[in-house]
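Can you make the complete structure from the sequences, with help from the hints?
Chains as they are written, first to last, in numbering that gives the first Met the number 0: chain A, 0 to 505; chain B, 0 to 505.
Just so you know, not all the hints are guaranteed correct.
No copy is singled out in the list; a pair is fine if it fits within one copy or between any two copies.
What the hints assert, rightly or not - With a Cα cut of at most 30 Å, we get these calculated BS3-like pairs of lysine-lysine:
hint : residue 1 : residue 2
1    : K254      : K359
2    : K131      : K414
3    : K254      : K47
If you are wondering where the hints come from, they were derived from the structure by calculation, not from laboratory data.
Just so it is clear, the structure is predicted and the values come from calculations on it, not from any experiment.
2 protein chains.
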Amino acid sequence: MDDSSDGGATAGGTKKKPSAAAAKGKATGKGKATSKAVPKAKESSLLKQKSPAEFFAENKNIAGFDNPGKSLYTTMRELVENALDSAESISELPDIEITIEEITKSKFNTMIGLVDRERVDEALYDDFESSKAREKRLAKEARFQETQAKNSALGKKVKDTPAARGKGRGEASFFRVTCKDNGRGMPHEDIPNMFGRVLSGTKYGLRQTRGKFGLGAKMALIWSKMSTGLPIDIKSSMKGQDYITFCRLDIDIHKNVPHIHLHEKRENNDHWHGAEIQVIIEGNWTTHRSRILHYMRQMAVITPYAQFLFRFLSDAAEKNLTIKFARRTDVMPPVPLLTKHHPSAVDLLLIKRLITDTTKPNLLQFLQHEFVNISKAHADRLIGEMGPDFSAKTTVNSLTSQQLVRIHQLFRQAKFDDPSGNCLSPAGEYNLRLGIIKELHPDLVATHASSPQVFEGHPFIVEAGVSIGGKDVKQGLNIFRFANRIPLLFEQGADVITRTALKRIK
Amino acid sequence: MDDSSDGGATAGGTKKKPSAAAAKGKATGKGKATSKAVPKAKESSLLKQKSPAEFFAENKNIAGFDNPGKSLYTTMRELVENALDSAESISELPDIEITIEEITKSKFNTMIGLVDRERVDEALYDDFESSKAREKRLAKEARFQETQAKNSALGKKVKDTPAARGKGRGEASFFRVTCKDNGRGMPHEDIPNMFGRVLSGTKYGLRQTRGKFGLGAKMALIWSKMSTGLPIDIKSSMKGQDYITFCRLDIDIHKNVPHIHLHEKRENNDHWHGAEIQVIIEGNWTTHRSRILHYMRQMAVITPYAQFLFRFLSDAAEKNLTIKFARRTDVMPPVPLLTKHHPSAVDLLLIKRLITDTTKPNLLQFLQHEFVNISKAHADRLIGEMGPDFSAKTTVNSLTSQQLVRIHQLFRQAKFDDPSGNCLSPAGEYNLRLGIIKELHPDLVATHASSPQVFEGHPFIVEAGVSIGGKDVKQGLNIFRFANRIPLLFEQGADVITRTALKRIK
Numbered sequence: 000m001d002d003s004s005d006g007g008a009t010a011g012g013t014k015k016k017p018s019a020a021a022a023k024g025k026a027t028g029k030g031k032a033t034s035k036a037v038p039k040a041k042e043s044s045l046l047k048q049k050s051p052a053e054f055f056a057e058n059k060n061i062a063g064f065d066n067p068g069k070s071l072y073t074t075m076r077e078l079v080e081n082a083l084d085s086a087e088s089i090s091e092l093p094d095i096e097i098t099i100e101e102i103t104k105s106k107f108n109t110m111i112g113l114v115d116r117e118r119v120d121e122a123l124y125d126d127f128e129s130s131k132a133r134e135k136r137l138a139k140e141a142r143f144q145e146t147q148a149k150n151s152a153l154g155k156k157v158k159d160t161p162a163a164r165g166k167g168r169g170e171a172s173f174f175r176v177t178c179k180d181n182g183r184g185m186p187h188e189d190i191p192n193m194f195g196r197v198l199s200g201t202k203y204g205l206r207q208t209r210g211k212f213g214l215g216a217k218m219a220l221i222w223s224k225m226s227t228g229l230p231i232d233i234k235s236s237m238k239g240q241d242y243i244t245f246c247r248l249d250i251d252i253h254k255n256v257p258h259i260h261l262h263e264k265r266e267n268n269d270h271w272h273g274a275e276i277q278v279i280i281e282g283n284w285t286t287h288r289s290r291i292l293h294y295m296r297q298m299a300v301i302t303p304y305a306q307f308l309f310r311f312l313s314d315a316a317e318k319n320l321t322i323k324f325a326r327r328t329d330v331m332p333p334v335p336l337l338t339k340h341h342p343s344a345v346d347l348l349l350i351k352r353l354i355t356d357t358t359k360p361n362l363l364q365f366l367q368h369e370f371v372n373i374s375k376a377h378a379d380r381l382i383g384e385m386g387p388d389f390s391a392k393t394t395v396n397s398l399t400s401q402q403l404v405r406i407h408q409l410f411r412q413a414k415f416d417d418p419s420g421n422c423l424s425p426a427g428e429y430n431l432r433l434g435i436i437k438e439l440h441p442d443l444v445a446t447h448a449s450s451p452q453v454f455e456g457h458p459f460i461v462e463a464g465v466s467i468g469g470k471d472v473k474q475g476l477n478i479f480r481f482a483n484r485i486p487l488l489f490e491q492g493a494d495v496i497t498r499t500a501l502k503r504i505k
Numbered sequence: 000m001d002d003s004s005d006g007g008a009t010a011g012g013t014k015k016k017p018s019a020a021a022a023k024g025k026a027t028g029k030g031k032a033t034s035k036a037v038p039k040a041k042e043s044s045l046l047k048q049k050s051p052a053e054f055f056a057e058n059k060n061i062a063g064f065d066n067p068g069k070s071l072y073t074t075m076r077e078l079v080e081n082a083l084d085s086a087e088s089i090s091e092l093p094d095i096e097i098t099i100e101e102i103t104k105s106k107f108n109t110m111i112g113l114v115d116r117e118r119v120d121e122a123l124y125d126d127f128e129s130s131k132a133r134e135k136r137l138a139k140e141a142r143f144q145e146t147q148a149k150n151s152a153l154g155k156k157v158k159d160t161p162a163a164r165g166k167g168r169g170e171a172s173f174f175r176v177t178c179k180d181n182g183r184g185m186p187h188e189d190i191p192n193m194f195g196r197v198l199s200g201t202k203y204g205l206r207q208t209r210g211k212f213g214l215g216a217k218m219a220l221i222w223s224k225m226s227t228g229l230p231i232d233i234k235s236s237m238k239g240q241d242y243i244t245f246c247r248l249d250i251d252i253h254k255n256v257p258h259i260h261l262h263e264k265r266e267n268n269d270h271w272h273g274a275e276i277q278v279i280i281e282g283n284w285t286t287h288r289s290r291i292l293h294y295m296r297q298m299a300v301i302t303p304y305a306q307f308l309f310r311f312l313s314d315a316a317e318k319n320l321t322i323k324f325a326r327r328t329d330v331m332p333p334v335p336l337l338t339k340h341h342p343s344a345v346d347l348l349l350i351k352r353l354i355t356d357t358t359k360p361n362l363l364q365f366l367q368h369e370f371v372n373i374s375k376a377h378a379d380r381l382i383g384e385m386g387p388d389f390s391a392k393t394t395v396n397s398l399t400s401q402q403l404v405r406i407h408q409l410f411r412q413a414k415f416d417d418p419s420g421n422c423l424s425p426a427g428e429y430n431l432r433l434g435i436i437k438e439l440h441p442d443l444v445a446t447h448a449s450s451p452q453v454f455e456g457h458p459f460i461v462e463a464g465v466s467i468g469g470k471d472v473k474q475g476l477n478i479f480r481f482a483n484r485i486p487l488l489f490e491q492g493a494d495v496i497t498r499t500a501l502k503r504i505k
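In structure tokens, the structure reads:
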């Protein structure tokens, strides 16, 4: 396994950022187990417990909220992936609308009822420039625009003006991100905790899903709390429910509990089901526009049975966007199945938990039913191998911690078939191929799906596609890689597929 | 800020591991905020709260515990950095002993009172090979050893036999990691929570320290619980304390509370102060040996005022190591100072918290005393700029959430001097240079310390050294990079220093 990058001060998302890492060291050193950096006498009294919400607010990079731009990207992405999971979980062809609406500072201030004030003491501001510096800049911008005009005349790519790019340094910009799906919806009573309580989630169970630590929507709420202070709006109805839940809440980060503004049921006359989530956060469209659009296209490629409507709205009409990724097939991958644990992938802790949760009283049944790839005969042989103080009839609750270690060790050393991967639900080469064709209209396309691989007992399937040419796509090869239908967007160019493709294809 | 690697399924430490990432998606998808992958009817009842300890046990990669080998590395590293912080916090020249003792499976089993059993049903095991395959392998190994013999005769580097390298796949190996320092020690009463309660830590405050999220020692305990089930041993005494604390505990991961086996005071006749921490975990020395030694050398270079004694012990005498990194100077960087927040670096949440914690009733004093780089005059101007409903006398507790947003926005747009960095404590070029010379005895050495830089309002100083030649080091250039005295071990070769050095130096 590659851990070549476990850098000095790094952890979580700060890998590539010495500065961040070093800073984090400071910012979070306070939590250190051995808290020796405080005066001895008072130390005892200083020990305090941090809530999970506080921890993730202080280390938001872990969940991909490193900065406003990336937070906008991650928020949108987490909402989209939850939406897809939701629709697929009830075998509904996904129909997803994402809207990112830019909110200028003055608009934002009006929203929160804050008088938007003109600058008075100009010299106070970060972008203050002496009249001399100002003249210089204006001259420069003028020259720049001329060349741009020429370029666009010659059909060359036109860049933002440096001014436009430079902007947004101090000046925060805000966005209303809305994601609407036709999925399962959420139970009325659970909604507040699902969003307003970090580390609350649903019962244990292994199943292929998108998304990370289940932090996504909660982090979006934490980020909105940190950057705009505005609550999140949730609208949801489950299939056959005669009402729609409306819920508005923010989070008490210190207590890690939802702070509910509104939580009510309204009529559901047209039998809508799904969820609509709306959050207002600080972001940066300029820096993350292309990343967001690239991600949307990737999703359109791997899920051609889904329909995406992506909108960007702002006061600057020329910046606005409406992109419709149309559905091209009704063939949908099966719902991923719940699966049991693979014996090679369990640790002591997990074995203990499985024993607590199991309905199977004796060891033989426990081995046979709580794990994949252990037949009755195999279980018998394993028990025989464990030694004289184990028998098929041993009640699992009576196992000593030594005996658990023995079982764990045997699991680690014994040979088991790899997980079948039948719990997985790849897009399938048909869908992938179709997706590439519909999105890129390439001259050539080739796809491949790997057989199920295993990482630490977790099965996954890599699907890849290579295409050449197409309409409005970059020249040469376009390469798509997915693991369990999740785009692999990092390390592009470094992976085997790309290298091989570039080597073999002239 | 670089987030070019915020890959598809990645998060936290899983950046470079599609498989891991995809797997994580599965393994932790259960926590998803919108938990739609469970039967509708029962959903409500399935919602549960996870403890912070459970979360980090399931996502141990976040803290650098991706696999046994990396867990061994991270455990040792976290203990060393806590030890250094501890000694430096009381201006004591650090004297640190690290011992990694390999414990064979049979030794381990005896330790926990488990009868070590011979294999009976060979065919059950992962490394089972048919007699035919066996003959083949032995022949191959024989040939391999011949060539090795030749190589070593010719003074070429000798690799492990493939057998040795291959080993440890199924066969777990265990290690007792012990770290002893002469630092501040920990208060008797706090020790259980410092180790056995994730997210407990000491009071807020900004100060340069090493270490990550304060998870280090706690993660080591969680990992020992997962891999060996054995408790952690802590021995500690604070300066002038007439007793030594002995504490043995593990952690109830579900409840996130320490489970204390032993917590007592013993005589401290020779006035010892410091801490000694011992944990027994699964690890992998074969794969992480060089990384661990590389790290030790890096630390020796940047902290020449510290003395490190590193030991590796095992039953195989030829594998054993004792490396002493001697102290070469008594010149020690000053203790890093507590610092206040930089106005550009605070978010809404933090402003609220500072208002709750401050002793300064009115806005003027609040701005002046709770932040760096705001003089009284500056504070006056800022308040003027905030608008008519703000005044120097405004009591901070009476500020509305709108007014807080206004302050936040002004902080974001206003110009403030960068943090002075006088809260930082770099090693200093003298120390860095000395460190490189003492460790490498190079023919040439050059060092540079940057002026304080700022990342999101967090100051840091990068120190770098380049050397050529030396005793038992690789040919050509050796490059050392540190931020706030933390080695930057990741992306080696990609950084500016390396690229420049390689370009300029022939």
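Tested hints:
1. K254 <-> K359: Result: close only across copies, 25 Å inter versus 38 Å intra.
2. K131 <-> K414: between (76 Å within a copy, 19 Å between copies)
3. K254 <-> K47: Both ways: K254 and K47 sit 13 Å apart in one copy and 17 Å across, limit 30 Å.
Against the hints set out earlier in the document, no violation occurs for any number.
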